[in-house]
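So the chains spell out like this:
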Amino acid sequence: MINFHGWNMPLQYSGIIEEHVNTRHNVSLFDVSHMGRFEVQGDDASDLLQMLLTNDVSKLDNNQAMYSPLCNCDGGIVDDVIIYRINNEKFLLVVNASNRTKDFLWVSSHSKSSIIKDISDTTALVALQGPRAIDVLESALPLLKLASLKPFSFIRVNILDFGQEGLDKIETEKWRKETQGKQEDEKSELVISRTGYTGEDGFELFFDSSRIDIWEKLMQIGTAFNIKPAGLGARDTLRLEAGFMLYGSDMDETTTPMEVPLKWTVKLEKPAFIGKQALMTRPITRKLLGFEVSERRIARHGNTILIDGQPSGYVTSGNYSPTLKKSIGFCLVTPKVSPGQVIEIDIGGKKYKATISSSTRFYKRK
Amino acid sequence: MSEGEIRFSKEHEWLALKGGGIATMGISDFAQRQLGDIVSVDLPKVSSAYNRMQPLAIVDSVKSSSDIYSAVSGEVVEINEELIEHPEFINQSPYELGWIVKIKLSNMKEFEQLMSKKEYDVFIGELEKGEQESAGMRPDWRK
Numbered sequence: 001m002i003n004f005h006g007w008n009m010p011l012q013y014s015g016i017i018e019e020h021v022n023t024r025h026n027v028s029l030f031d032v033s034h035m036g037r038f039e040v041q042g043d044d045a046s047d048l049l050q051m052l053l054t055n056d057v058s059k060l061d062n063n064q065a066m067y068s069p070l071c072n073c074d075g076g077i078v079d080d081v082i083i084y085r086i087n088n089e090k091f092l093l094v095v096n097a098s099n100r101t102k103d104f105l106w107v108s109s110h111s112k113s114s115i116i117k118d119i120s121d122t123t124a125l126v127a128l129q130g131p132r133a134i135d136v137l138e139s140a141l142p143l144l145k146l147a148s149l150k151p152f153s154f155i156r157v158n159i160l161d162f163g164q165e166g167l168d169k170i171e172t173e174k175w176r177k178e179t180q181g182k183q184e185d186e187k188s189e190l191v192i193s194r195t196g197y198t199g200e201d202g203f204e205l206f207f208d209s210s211r212i213d214i215w216e217k218l219m220q221i222g223t224a225f226n227i228k229p230a231g232l233g234a235r236d237t238l239r240l241e242a243g244f245m246l247y248g249s250d251m252d253e254t255t256t257p258m259e260v261p262l263k264w265t266v267k268l269e270k271p272a273f274i275g276k277q278a279l280m281t282r283p284i285t286r287k288l289l290g291f292e293v294s295e296r297r298i299a300r301h302g303n304t305i306l307i308d309g310q311p312s313g314y315v316t317s318g319n320y321s322p323t324l325k326k327s328i329g330f331c332l333v334t335p336k337v338s339p340g341q342v343i344e345i346d347i348g349g350k351k352y353k354a355t356i357s358s359s360t361r362f363y364k365r366k
Numbered sequence: 001m002s003e004g005e006i007r008f009s010k011e012h013e014w015l016a017l018k019g020g021g022i023a024t025m026g027i028s029d030f031a032q033r034q035l036g037d038i039v040s041v042d043l044p045k046v047s048s049a050y051n052r053m054q055p056l057a058i059v060d061s062v063k064s065s066s067d068i069y070s071a072v073s074g075e076v077v078e079i080n081e082e083l084i085e086h087p088e089f090i091n092q093s094p095y096e097l098g099w100i101v102k103i104k105l106s107n108m109k110e111f112e113q114l115m116s117k118k119e120y121d122v123f124i125g126e127l128e129k130g131e132q133e134s135a136g137m138r139p140d141w142r143k
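As you go down the protein sequences, you meet chains A and B in turn.
Using the working numbering, the letters of the first sequence correspond one by one to residues 1 to 366.
Using the working numbering, the letters of the second sequence correspond one by one to residues 1 to 143.
One should not assume that every hint holds.
In silico lysine-lysine, DSS-like type, Cα no more than 27 Å apart, as pairs [claimed, not checked]: (1) A:K350 / A:K336; (2) A:K59 / A:K351; (3) A:K351 / B:K109; (4) A:K325 / B:K104; (5) B:K102 / A:K351; (6) B:K45 / A:K326; (7) A:K263 / A:K366; (8) B:K102 / A:K228; (9) A:K350 / B:K102; (10) A:K276 / A:K150; (11) A:K326 / B:K63; (12) A:K353 / B:K45; (13) A:K325 / B:K118; (14) A:K364 / B:K102; (15) A:K350 / B:K129; (16) B:K104 / A:K350; (17) B:K117 / A:K350; (18) A:K263 / A:K364.
The set of hints was computed from the structure by calculation and includes no laboratory data.
Next comes chain A alone, as it looks inside the complex (with noise of 0.2 Å):
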């Protein structure tokens, strides 16, 4: 167990390697219940996300979800969220268990007139991850026809339907007819989205925190198709190996969606949103790559990047990728550097050599 940003969690169940290797062939079970969870709601919550976010939030039909940084005036990024659409004036917003408190300020006091509500405390949040998962999520809910929901799409379904016989959808607006007025009825809702930080094929669940039998249900049904729960080791090298960027390791307030490789999410031809003006003006002094380092020594966050015996950059993440059995990373370094490129990283002292991927994405599944 360790304490990450005030929560004590598994780093790892069985091994690391082992809930990695799993999470690629079979299906993993991840409680990710740490990350930030806020409901933005009222008239202009549509307006007030597309101004707060790089991506352009328009783009979102009810039941979609999009990822984008949140960026400051700087162009420097405040966080990178997942922004779910229920309706043009409710929203999900997931941030970063580190970045919680500082989000919630930051979207509040940007807001005119809707409503930010922490729901971190009163929800769970669980990934079921890997290319058996939809097998796992039809078991529970037979009836939903799972494999037709789009990534970054998502359902609301009663959670009294889950693992059940003969349960059925309930579509949004007669969800919101029966509950309207019924407070213990926000508590059956279950949101089912196809998002993952895995690399994988997956869901994230999102229900009340007192229905926890979610976990062991899932965990039961799952048996059938090699479940394992899996910690936050694995989900380090499966992000890692996918591509996917950490807030606070590869990203932070000093570093602009242009030099990580996030450029794709911030959308310039929106009228107006915080940090455009920088985004479009601000110089490229460096930028994100992946490397794989030529000997098994491991490069971690803060190591220094070499080029010709010169200081050029750092490593913001590292680590042993199980999948190609190579120790691979992220660094951010002077924008003269190409893929194909031999630099050295110095690990405790002694320099080893690595070599400039052509992407970050180290894994691409089939």
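Go by the hints and put chain B onto chain A.
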């Protein structure tokens, strides 16, 4: 001091004394469990000399990188080159396949001052107790 006797340091190294004042050194089962999956070992050069408590090797696990300190002063006479290709031997077989170096002791007293198996078991028992106590305070819903 009998041949084959195994001693432990507070830094979780084990040493087994062989003939000729040479000891085989590795890390304990407790240490390998704490480190988790080991993926690389940086070994010292043969015939290099170390003082007690000087870092002698580095073990990278998926969780962390850790210096392995020389539990005694002496000269490295042999290294376990198998570990370069099979660092996981330390996890799988910490007392046999996973040995790290053989050291020719320069001061036998240092070996004698190390803990016996019995003393070490008590030592790690205390550590594990502390760990369980801190793990007992789980504020989240999974308890």
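Hint check results:
1. A threshold of 27 Å between alpha carbons decides the hint, and for K350 (chain A) with K336 (chain A) the separation of about 24 Å falls inside it, so the pair holds.
2. For the hint pairing K59 (chain A) with K351 (chain A), the CA-to-CA distance comes to about 47 Å; that exceeds 27 Å, so the pair is violated.
3. Distance restraint check for K351 (chain A) and K109 (chain B): the Cα-Cα separation of roughly 37 Å exceeds the 27 Å cut-off, and the hinted pair is therefore not satisfied.
4. Taking the CA atoms of K325 (chain A) and K104 (chain B), the gap is near 35 Å; set against the 27 Å cutoff, the hint is violated.
5. Straight-line distance between C-alpha atoms of K102 (chain B) and K351 (chain A) comes to about 26 Å, which keeps the hinted pair within the 27 Å bound.
6. Proximity of K45 (chain B) to K326 (chain A) is assessed by CA-CA distance (about 24 Å); at most 27 Å being required, the pair is judged to hold.
7. A hinted pair counts as satisfied when its Cα atoms are at most 27 Å apart, and K263 (chain A) with K366 (chain A) qualifies at roughly 25 Å.
8. Taken as a hint, the K102 (chain B) and K228 (chain A) pair is broken in the structure, with Cα atoms around 40 Å apart against an allowance of 27 Å.
9. Distance restraint check for K350 (chain A) and K102 (chain B): the Cα-Cα separation of roughly 23 Å lies within the 27 Å cut-off, and the hinted pair is therefore satisfied.
10. With a C-alpha separation of about 30 Å, the suggested pairing of K276 (chain A) with K150 (chain A) is violated against the 27 Å cut-off.
11. The straight-line distance between the Cα atoms of K326 (chain A) and K63 (chain B) is roughly 15 Å, inside the 27 Å bound, and the hint therefore holds.
12. Between K353 (chain A) and K45 (chain B) the alpha-carbon distance is near 20 Å, which keeps this suggested pair within the 27 Å criterion.
13. Proposed proximity of K325 (chain A) and K118 (chain B) is contradicted: the alpha carbons are some 38 Å apart, above 27 Å.
14. For the hint pairing K364 (chain A) with K102 (chain B), the CA-to-CA distance comes to about 43 Å; that exceeds 27 Å, so the pair is violated.
15. Using a Cα cut-off of 27 Å, the hinted pair K350 (chain A) and K129 (chain B) is violated, with the two alpha carbons roughly 37 Å apart.
16. Proximity of K104 (chain B) to K350 (chain A) is assessed by CA-CA distance (about 26 Å); at most 27 Å being required, the pair is judged to hold.
17. Between K117 (chain B) and K350 (chain A) the alpha-carbon distance is near 35 Å, which puts this suggested pair outside the 27 Å criterion.
18. Of the supplied pair hints, the one linking K263 (chain A) and K364 (chain A) holds, its CA atoms being roughly 20 Å apart against a limit of 27 Å.
Consistency note: the structure conflicts with the earlier hints numbered 2, 3, 4, 8, 10, 13, 14, 15, 17.
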